[in-house]
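With chain A fixed as given, assemble chains B, C and D onto it according to the hints.
Number of protein chains: 4
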Amino acid sequence: MKAAIVGASGYSGEELVRLLLRHPQAELSAVTSRQCAGQTVGRVFPRFAHDALAKTLRFTEPHMELLAKTAEVVFLALPHGVAAEFAGPLLHLGCQVIDLSADFRLKSPARYKEFYGHDHPAPELLEKSVYGLPEIYRAEIKAASLIAAPGCYPTSILLPVLPLLKAGLIKSTGIIANALSGVTGAGRKVEQDFLFAECNESARPYGIPKHRHLSEMEEQLSAAAGEPVVLQFSPHLIPVNRGMLATLYLAPARHFENESQMAALQEQIARCYQAAYSAEPFVRLLEETALPDTKNVAGANVIEIGWRLDPRTGRLIVMSALDNLTKGASGQAVQCMNVLRGFPETAGLC
Amino acid sequence: MKAAIVGASGYSGEELVRLLLRHPQAELSAVTSRQCAGQTVGRVFPRFAHDALAKTLRFTEPHMELLAKTAEVVFLALPHGVAAEFAGPLLHLGCQVIDLSADFRLKSPARYKEFYGHDHPAPELLEKSVYGLPEIYRAEIKAASLIAAPGCYPTSILLPVLPLLKAGLIKSTGIIANALSGVTGAGRKVEQDFLFAECNESARPYGIPKHRHLSEMEEQLSAAAGEPVVLQFSPHLIPVNRGMLATLYLAPARHFENESQMAALQEQIARCYQAAYSAEPFVRLLEETALPDTKNVAGANVIEIGWRLDPRTGRLIVMSALDNLTKGASGQAVQCMNVLRGFPETAGLC
Amino acid sequence: MKAAIVGASGYSGEELVRLLLRHPQAELSAVTSRQCAGQTVGRVFPRFAHDALAKTLRFTEPHMELLAKTAEVVFLALPHGVAAEFAGPLLHLGCQVIDLSADFRLKSPARYKEFYGHDHPAPELLEKSVYGLPEIYRAEIKAASLIAAPGCYPTSILLPVLPLLKAGLIKSTGIIANALSGVTGAGRKVEQDFLFAECNESARPYGIPKHRHLSEMEEQLSAAAGEPVVLQFSPHLIPVNRGMLATLYLAPARHFENESQMAALQEQIARCYQAAYSAEPFVRLLEETALPDTKNVAGANVIEIGWRLDPRTGRLIVMSALDNLTKGASGQAVQCMNVLRGFPETAGLC
Amino acid sequence: MKAAIVGASGYSGEELVRLLLRHPQAELSAVTSRQCAGQTVGRVFPRFAHDALAKTLRFTEPHMELLAKTAEVVFLALPHGVAAEFAGPLLHLGCQVIDLSADFRLKSPARYKEFYGHDHPAPELLEKSVYGLPEIYRAEIKAASLIAAPGCYPTSILLPVLPLLKAGLIKSTGIIANALSGVTGAGRKVEQDFLFAECNESARPYGIPKHRHLSEMEEQLSAAAGEPVVLQFSPHLIPVNRGMLATLYLAPARHFENESQMAALQEQIARCYQAAYSAEPFVRLLEETALPDTKNVAGANVIEIGWRLDPRTGRLIVMSALDNLTKGASGQAVQCMNVLRGFPETAGLC
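Residue numbers (our numbering), protein chains in the order written: chain A, 18 to 367; chain B, 18 to 367; chain C, 18 to 367; chain D, 18 to 367.
Bound conformation, chain A alone:
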């Protein structure tokens, strides 16, 4: 199976290259980037220079017909807004498209307009697209032609929350997500804010209180809850290359007032997570004394989930860690491709 990457010069694109170069079933057949056109993959990304394919495969200008001839699956690792221009034509030419941008993650064009400030450029595709979270939408992904793979924030928040919400174990109100992102989460943006000396020895919130990714998170949470969910979401930038840590504040649906009620609830939560994820190859439920740590998931397509009930406040604290470029972007996209094409879901990801 041949796969192409459009916009492969950013961090997500580079991570896709890394994963596809070693994928047993997929062959990387084309990579595009206007600024790198003409150069080999090994030249642009020296870390792959020892790979035989990377030595010869050259970046090209993006060209729809050529892409469609070269590849059955096309990954779009493009900025928001640009991806939408590629998806329609590529689908029309018969490709399966896995988009890493936010362009096709919402179902509601109105919500899109509210959060992105303009009409959706291809609203007819919103219906068609499938939210690329395999742990939740595996069946739909199998049958999809357009997959909108969610990014690091939604993945780190939705995977821990959705099972609890569906099981009715937590309230759908008052959910708070405090999240920390490594700097590659901002993409390979050449802006002063992301210079080494501006990020090193710095920790800072940003995009508070209305970050764009709230739109997709709330859409997914609402679908799970069966009622509109409003999320409090606070992203922060911390000085790590790769990593995302989410700390989630949740209210159990029923108060627990003594130790035995607490123990019962703990049991329910543990069972809920077990039921949802014990068979999932990429979800790591932490045992009692462990807490997540981004360094344990760096480079892996894994999300770590740990949790604590607090008898003093009655709250449930759930914490998750993932690599923002792998399970939070490109690893997830490859996982979607594996599901879509009937490959073993872990192919190229272990």
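Calculated from the structure, these hints are not laboratory results.
Cβ atoms here follow ideal geometry from the backbone N, Cα and C, with glycine treated the same way.
Among the chain A residues that face chain D by a calculated CB cut under 10 angstroms, a handful are: (1) 28; (2) 200; (3) 208; (4) 256.
Capping the alpha-carbon separation at 25 angstroms, the derived lysine to any residue pairs in SDA-like fashion look like this: (5) D/124 / D/102; (6) A/72 / C/296; (7) B/145 / B/83; (8) A/86 / A/108; (9) D/72 / B/296; (10) D/206 / A/203; (11) C/206 / C/99; (12) D/124 / D/191; (13) A/206 / D/60; (14) A/72 / C/291; (15) B/130 / A/306; (16) B/206 / C/60.
Coordinates of chains B, C and D only, in the frame set by chain A:
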């Protein structure tokens, strides 16, 4: 005025040395450390080696009588539990004591026992001690002989919350504090968890849900609210040397339901903070578009406070940044000394 | 083929675990560590917790007979001096031993004593052992039972220098190696010098001028030169987790005095490196405009080599980068195992 | 005394602001930056926001006449080539000019053209300008109107080497300088190479073998040696914000062949350094067991110098550490101002 530091070989001790070496009114007259006894300050801390006093002043073993003869003010930069052994004797010998540990920050011995697991070793001193947050207890500090300077977590959380709570602008229930600490916050502990390669490229929660410092934070919050406050507090470790970032989730006392109510509340909050802190030399209230960043307070005895009302959730998000070793420890202790001794409060701190 | 790791709780041991868990021909059958005995690999190293074997394989106390029963190849990831106690007995019991310590890297017991300060505990094994640099000693490794895999400093220096020396292109005198090491190079040593806040924002030389690893480097350089070589070697610690960068100052055997002589020499050097390494899977010769960068080799069993002739000084500057834990330790050891056991040399390493 | 900074928005400019805001004799009267014009200093650099002057002083467009009216001393913190356009007019208008760029550091216009690729724009000023290394040119600085303050690489290399060269203790041939720079050394350049994720976990050489700053270093070394000196200089980038570490390989003028000769030479070197620097407030000669570390000089206008004779190679290894923004740029410029204006040399720098 002569000042001594007991336990000066840790990070807080080193920061005290830095601040006292350049203090215009205080003279560093003794530093103690069992492991460094006999060596000069300039030898133990090469960064001070060009200082004339650091070249000659030598670490000694801690010795109560000598300390009392040498210094009028004694700083205790000792681990929890050890400080309590020094405070009483030094007070008895006529010293004024500024303790950087948690030993004298609580008023309630029962609460101490609940959080620290054993009886307080000197409960009679708990009553006497003053909580060393000058912005809140300036008058009491002036008259104190034993000051318990709060650390980085309490400072980063209490300073933003107390004025709102006292003014009745926020509810006393449901307060959540999500905090990120630089690694020096753990002290100069030689443990595997704090090795470079265990912290670099790592972000991780710890001490969840019942961290010991909750005890003093809740005591202070309760005093301000006039009723018991239970706090949700989640500390995290991030790979910066110095820095603390707190993100606080608060519920306004009254719901705002439209833009004009929101504007009115914004006005109230702004006025409340202005009233509390506009004359404070070490509290920096951020203007509308700015958010706190630890790199802006590194090495400074300053706390940055920024905030946002979220019309979607009705919550107030307050964010603060400080240097865990300066305003979060030793700078604060020196500020207390300045207040105590009638020096200009900013002496040696600007 | 079954492999065991003795002393698997350090950084080299952990990297061996990572590489062997995914090795197609080798099966990790035992891991020992006194302090971790009884715990599973997945517990001690959470990053491997999703691996099926890591979930069940438990650390044990080191026990010679058991090891020999369990494994055909035993890796020793032990501190200097301790490895020597294990090698003899394991060899006697029929194991093949790959030692990552410095214990068996020298041929000369006298030289060992000079640099390590005591008699070698098993001098009879020095003769038997093979220096585990496959690019240089591939044939010998195939036939070995005891392999002393060199560490990061020797690898980063010897691979770039040996071919030039053998070809007579550089003088054997005046060689200078200035090297920078990531902090994992010091091992998982719980010492103050390696705490996060002592290494972050720090760059420092150490072990100057007579570092122990000089002994093996000089032995290898001397063998290649056919005469005694004395090396100037300056190690430095820099704040990266994994990475080593060596900058080598070499004198061409013949002066070049004009552009055409320089071009001729460039051609000779390029050919020399091509002849030595163009078929080597783990040596990446950089093209003209590129220079090595540790981030390009992180996690890979690769050494990058770049070079420049300086017409102003007449010197040849050769620079190399590798990951101190992979090509500089455990990757190299696995490469040795592959050679030893007749596996494809890149098995488990690409 | 009033001082202005032209081009104050970069890292050197920001460091000048920091130092001048707290200077007891100088008052910062103007700061210019095209991109920041109209904003207050406190807004552009939040870390100074608590400073009274920073709250009101606004960046302006650079305007010669206004600068000359506002300030007696003007600092130029501009890119190479731009500074030269400002120096002449400002001198003509009666200002004293301290330039932090490389524009006026050379005496020879021919050498300038060789290294910078074009004719010097104001060759008549080259004669007039004084090299702003107070430890070497104090007398000349006192009488200067145009001072060319050297940057981090020259300072870290010249201060350790010049006294030895002048004393004839080392050969003027074969000098090698291997230097590591923190990322602020590159200025606040918004380029991909300096993004956080490109620098973090990276160590890399660059500009090898002919870096532009060689020109000024060789000019100074040659002047000290009384004959042309050719320097081998290898700069590297490492992931620290502030810091420079130079490791220098030098050949003693006379071979030492036994321990007593070595002891004699050690004595001579120690005396030479003592004579040159024991009275210098900003040069810290390290005692025998210590080696320099960038973390010991961060934020200080100090250079640490340590050294070792190597009996095995006969070489002298000298190592130095400084903060590339302080003693390596803006601190040095302020030190020059102090000398120039007859202030205590340490004013505002301790």
